[in-house]
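From just these sequences and the hints, can you work out the full model?
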Amino acid sequence: LRILDIDHTEEDTIWHLAAYEDMFLDIDLADKALENPENLTTVLPHAALTNRAFEATQTSRMKNEPLNEEELETMEEWKTDSNREISDRSVRLLLGLR
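Going by this note's numbering, the sequence shown opens with residue 1, and the numbers climb by one from there.
Don't read these hints as lab results, they were simulated from the structure. Hints may contain errors.
Distance windows between CB atoms, simulated [claimed, not checked]:
(1) 23 - 89: 11 to 21 Å
(2) 96 - 9: 20 to 30 Å
(3) 28 - 77: 27 to 37 Å
(4) 60 - 39: 15 to 25 Å
(5) 27 - 83: 36 to 46 Å
(6) 96 - 61: 20 to 30 Å
(7) 79 - 28: 20 to 30 Å
(8) 35 - 10: 37 to 47 Å
(9) 40 - 11: 14 to 24 Å
(10) 31 - 68: 17 to 27 Å
(11) 77 - 40: 27 to 37 Å
Note that the Cβ used here is the ideal one computed from N, Cα and C, for glycine as well.
Here you go:
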């Protein structure tokens with residue numbers, strides 16, 4: 001997962017995430033993959049989650065990199081979309097993982 005942005009509103013905190021197809025069972029392999037993030041395959045370019053949904057997802061801070069142009073465009077599209085959705089489902093459910 002990659003955190004794209006965090007919005008703090010009066011009602012909730014909204015977590016903006018992108019999800020990669022790549023899964024790593026070993027932290028060293030994940031660290032190595034982050035050396036060349038362009039090789040990771042994005043399966044979910046953007047998902048907006050409630051704080052409850054995000055907290056249901058196990059995460060670890062690995063690396064902090066600026067967003068690229070594509071990620072910035074995806075965020076802007078969501079912000080200007082009048083039908084934007086905020087999910088209360090966990091990332092695992094959004095990706096079809098059990």
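Structure-based check of all given hints:
no.: 1; hint: 23 - 89: 11 to 21 Å; in the structure: holds (19 Å)
no.: 2; hint: 96 - 9: 20 to 30 Å; in the structure: holds (28 Å)
no.: 3; hint: 28 - 77: 27 to 37 Å; in the structure: holds (35 Å)
no.: 4; hint: 60 - 39: 15 to 25 Å; in the structure: holds (20 Å)
no.: 5; hint: 27 - 83: 36 to 46 Å; in the structure: holds (38 Å)
no.: 6; hint: 96 - 61: 20 to 30 Å; in the structure: holds (25 Å)
no.: 7; hint: 79 - 28: 20 to 30 Å; in the structure: violated (37 Å)
no.: 8; hint: 35 - 10: 37 to 47 Å; in the structure: holds (40 Å)
no.: 9; hint: 40 - 11: 14 to 24 Å; in the structure: violated (33 Å)
no.: 10; hint: 31 - 68: 17 to 27 Å; in the structure: holds (20 Å)
no.: 11; hint: 77 - 40: 27 to 37 Å; in the structure: violated (21 Å)
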